[in-house]
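> These protein sequence lines are chains Y, D, U and L, in that order. Position in the first sequence (from 1) plus 1011 gives the number in the working numbering. Position in the second sequence (from 1) plus 1011 gives the number in the working numbering. Position in the third sequence (from 1) plus 1011 gives the number in the working numbering. Position in the fourth sequence (from 1) plus 1011 gives the number in the working numbering.
Just to be clear, a hint being listed does not mean it is correct.
When chains are identical, the list treats them as one kind, so a pair holds in a single copy or across two.
What the hints assert, rightly or not - Simulated pairs of lysine-lysine, DSBU-like, Cα-Cα distance not exceeding 35 angstroms:
hint	residue 1	residue 2
1	Lys1067	Lys1199
2	Lys1062	Lys1145
3	Lys1067	Lys1139
4	Lys1167	Lys1145
5	Lys1199	Lys1139
6	Lys1091	Lys1062
7	Lys1167	Lys1067
8	Lys1199	Lys1062
9	Lys1062	Lys1139
10	Lys1062	Lys1083
11	Lys1083	Lys1167
12	Lys1199	Lys1083
I should point out that these hints are in silico values taken from the structure, not numbers from a laboratory. Model, not experiment: these values are computed from the prediction.
Number of protein chains: 4
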Amino acid sequence: MFRSVRGPAVVWGGIVAVGLAVAVIFSTASRPVAAQDKPQDRAGSAPQPGKAADTKDITLDQAHAALAAAQKKADELHIKQDIAIVDAGGNLKAFARMDGAWLGSIDIAQKKARTARYFDMPSGEIGKLSQPGKPLYMIEISNGGLITFPGGVPIKTQDDVIIGAIGVSGSTVENDQACAEAGASAVK
Amino acid sequence: MFRSVRGPAVVWGGIVAVGLAVAVIFSTASRPVAAQDKPQDRAGSAPQPGKAADTKDITLDQAHAALAAAQKKADELHIKQDIAIVDAGGNLKAFARMDGAWLGSIDIAQKKARTARYFDMPSGEIGKLSQPGKPLYMIEISNGGLITFPGGVPIKTQDDVIIGAIGVSGSTVENDQACAEAGASAVK
Amino acid sequence: MFRSVRGPAVVWGGIVAVGLAVAVIFSTASRPVAAQDKPQDRAGSAPQPGKAADTKDITLDQAHAALAAAQKKADELHIKQDIAIVDAGGNLKAFARMDGAWLGSIDIAQKKARTARYFDMPSGEIGKLSQPGKPLYMIEISNGGLITFPGGVPIKTQDDVIIGAIGVSGSTVENDQACAEAGASAVK
Amino acid sequence: MFRSVRGPAVVWGGIVAVGLAVAVIFSTASRPVAAQDKPQDRAGSAPQPGKAADTKDITLDQAHAALAAAQKKADELHIKQDIAIVDAGGNLKAFARMDGAWLGSIDIAQKKARTARYFDMPSGEIGKLSQPGKPLYMIEISNGGLITFPGGVPIKTQDDVIIGAIGVSGSTVENDQACAEAGASAVK
Chain Y
1012 MFRSVRGPAV VWGGIVAVGL AVAVIFSTAS RPVAAQDKPQ DRAGSAPQPG
1062 KAADTKDITL DQAHAALAAA QKKADELHIK QDIAIVDAGG NLKAFARMDG
1112 AWLGSIDIAQ KKARTARYFD MPSGEIGKLS QPGKPLYMIE ISNGGLITFP
1162 GGVPIKTQDD VIIGAIGVSG STVENDQACA EAGASAVK
Chain D
1012 MFRSVRGPAV VWGGIVAVGL AVAVIFSTAS RPVAAQDKPQ DRAGSAPQPG
1062 KAADTKDITL DQAHAALAAA QKKADELHIK QDIAIVDAGG NLKAFARMDG
1112 AWLGSIDIAQ KKARTARYFD MPSGEIGKLS QPGKPLYMIE ISNGGLITFP
1162 GGVPIKTQDD VIIGAIGVSG STVENDQACA EAGASAVK
Chain U
1012 MFRSVRGPAV VWGGIVAVGL AVAVIFSTAS RPVAAQDKPQ DRAGSAPQPG
1062 KAADTKDITL DQAHAALAAA QKKADELHIK QDIAIVDAGG NLKAFARMDG
1112 AWLGSIDIAQ KKARTARYFD MPSGEIGKLS QPGKPLYMIE ISNGGLITFP
1162 GGVPIKTQDD VIIGAIGVSG STVENDQACA EAGASAVK
Chain L
1012 MFRSVRGPAV VWGGIVAVGL AVAVIFSTAS RPVAAQDKPQ DRAGSAPQPG
1062 KAADTKDITL DQAHAALAAA QKKADELHIK QDIAIVDAGG NLKAFARMDG
1112 AWLGSIDIAQ KKARTARYFD MPSGEIGKLS QPGKPLYMIE ISNGGLITFP
1162 GGVPIKTQDD VIIGAIGVSG STVENDQACA EAGASAVK
């Protein structure tokens, strides 16, 4: 649906298509878990607290499985990667830097993971919308710094609940994305 | 009035149109808070030393009304939003994150509200001027981070005094803007 | 168990007592929720991801109930407060600044709430351990800034699962703490 | 072991003892990375221009061994820990947060590890010198934030070359230090 915004063949479908694309992305993105997610009349009396929402979160075992799968993919591609896992709250859960991987990717891997969890979509999807002239131009300045090119992917349960995200950095964005997807797929 | 500063083949709507837009935006934008802030007064009479300016500021009741109206609009649109209200000084007054709304929008909603108050115009108006080649290029880097796409709107009294701003984030920029306008309209 | 570390009646029970106290705090603090919280043999084969942890999180309705209760307490005490609620992940959920409350407390209320959630205990407990010569001296420099005096309190479900925290700032630490406890108590 | 530095019963060993302690710490602390880093070489012979220094650095396998040993110790102590490993350059190499461990310890574990490598001594040794009135007062403000209480330990090869550091946070400083030492000892 979205085309690459980098390289020689950049083609945007025009304002209407972009507007549609934005609507699709933003409406199909999986939403976090909240059980009692209903509006409620607050007029008149003191607010009623109700019950807490039932949610899910990634475990360290799951994080290690994602790290191992991403690293295995990197080995297959003969590349060195920095790999970060954040939990449902966007907080760092696990991290590994393969021997020889870039130092600059320590921060980028973490920012990709957070970006993916902060907006519940692959980091690269945000990047398509943050180019000059696009709806989310300069969103990267927010949240202490976002990374909006590929390599960040939400981690979901089998029933599609987002429990965290993985961010991979150290190679081309295509390779980073492939490793991130391999990592996310290892968690069910 | 302003000319493009970058690239040989940059084609925008034309220097004249952009110049007009800039001129219109900057001349029609409501100017800061003070009730007695009329150009002719400033120009015509000497300042009265020792007398402070009479100002107006948003109350928590008004902020809650704006939050509730923005949330109601979000419910109608079946979306989940982060909503922030800042006062006349640009300082956080109230905030609410609807259950399931993006974590990354916590910061963006606040930055949109501040951007709208810092320049007394909708955040998206700034974004038109901050594109590459435009007069305010990279203004987002200032003030600890601005957000210059739609979703931030000044809040005014009936006699057009700006008393704060609302910032909404969590959906498309069109939806964010619609919710922000609904919120701002709830305050008279 | 712990006495105030400020004011004329500061009394520490001595090194042994403090050591004990530290142990008690750190061992009795309620721990977050993690269902599959077991060590596991990782040698030999690829790590097994297992299942996600079942957790709970605060809802906006609950956050509003906490805000309202804290504000009601502030009204009774004839004080003006800034009140912040964070979720289980330490992310801002709701905020309100009462009319006339300190601007400087916007940040402090949020930092108190985060501190309480980051260590799953009242913020003031950390402050007892971070004094010069104490075990956690200068911990405040971490996490982008902690506030370790009273006014931050975890919010728990009836079965003692921590689902967020409340931070209150704007008056004496005793009043701040009283309002925070009132807010936390409103959520069951 | 540590005495209060405030109040009526402040007892320090005196300027001479403190001075001695400082001298001892700074002279006995293991010095940086380079394998051939012997004082007599530096003092005795002229530097050889054009020849880079031979150094050693921790591998990801070693980092994982340290993580596993620290986690094993934490399991034995029935505590939940955040564990960070940095390399010889002070850059993050690996990280794991045990299920249920404090969110606030994500940052502290990393800062402890960096502090230990930045000064090539256990983090707690710095803390003895950074108390009010001591030679390194407020050193915590440097380097983007240091943590100077126990829990950070250099990681060395068998021939005493420092190749990184481990930082552990999540329990008492005594437990944190025990886990950090267990982790560092797993690397030879």
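> Checking Lys1062 and Lys1145: alpha-carbon separation at most 35 angstroms within a copy, between copies, both or neither?
neither (40 angstroms within a copy, 39 angstroms between copies)
> Between the shortest in-copy and the shortest cross-copy C-alpha distance, which are at most 35 angstroms for Lys1199 and Lys1139: within, between, both, or neither?
within (28 angstroms within a copy, 38 angstroms between copies)
> Which holds for Lys1067 with Lys1199 at a C-alpha limit of 35 angstroms: within a copy, between copies, both or neither?
both (12 angstroms within a copy, 20 angstroms between copies)
> Since the copies are identical, ignore which copy is meant and state whether Lys1199 and Lys1062 lie within 35 angstroms (CA to CA) inside a copy, between copies, both or neither.
For Lys1199 and Lys1062, both the intra-copy (27 angstroms) and inter-copy (7 angstroms) Cα distances are at most 35 angstroms.
> With identical chains, the pair Lys1067 and Lys1139 could be close in the same copy or across copies; at 35 angstroms between alpha carbons, which is it: within, between, both, or neither?
both (29 angstroms within a copy, 34 angstroms between copies)
> Is it within, between, both or neither when you check Lys1167 against Lys1145 at 35 angstroms Cα-Cα?
Answer is both: 28 angstroms inside a copy and 29 angstroms across each meet the 35 angstroms cutoff.
> At most 35 angstroms between C-alpha atoms: does Lys1167 with Lys1067 qualify within a copy, between copies, both, or neither?
Both ways: Lys1167 and Lys1067 sit 10 angstroms apart in one copy and 17 angstroms across, limit 35 angstroms.
> Should Lys1062 paired with Lys1083 be assigned to within, between, both, or neither, using CA atoms and 35 angstroms as the limit?
Close across copies (21 angstroms), not inside one copy (42 angstroms); limit 35 angstroms.
> For Lys1062 and Lys1139, with the copy left unspecified, which applies at a CA distance of at most 35 angstroms: within, between, both, or neither?
between (38 angstroms within a copy, 33 angstroms between copies)
> Within, between, both or neither: how does the pair Lys1199, Lys1083 come out at a Cα-Cα threshold of 35 angstroms?
Result: close both inside a copy and across copies, 17 angstroms intra and 26 angstroms inter.
> Is it within a copy, between copies, both, or neither that the alpha carbon of Lys1083 lies no farther than 35 angstroms from that of Lys1167?
both (20 angstroms within a copy, 28 angstroms between copies)
> State whether the alpha carbon distance between Lys1091 and Lys1062 is at most 35 angstroms within one copy, between copies, both, or neither.
Close across copies (19 angstroms), not inside one copy (46 angstroms); limit 35 angstroms.
Violated hint: 2 only; the structure is consistent with all others.
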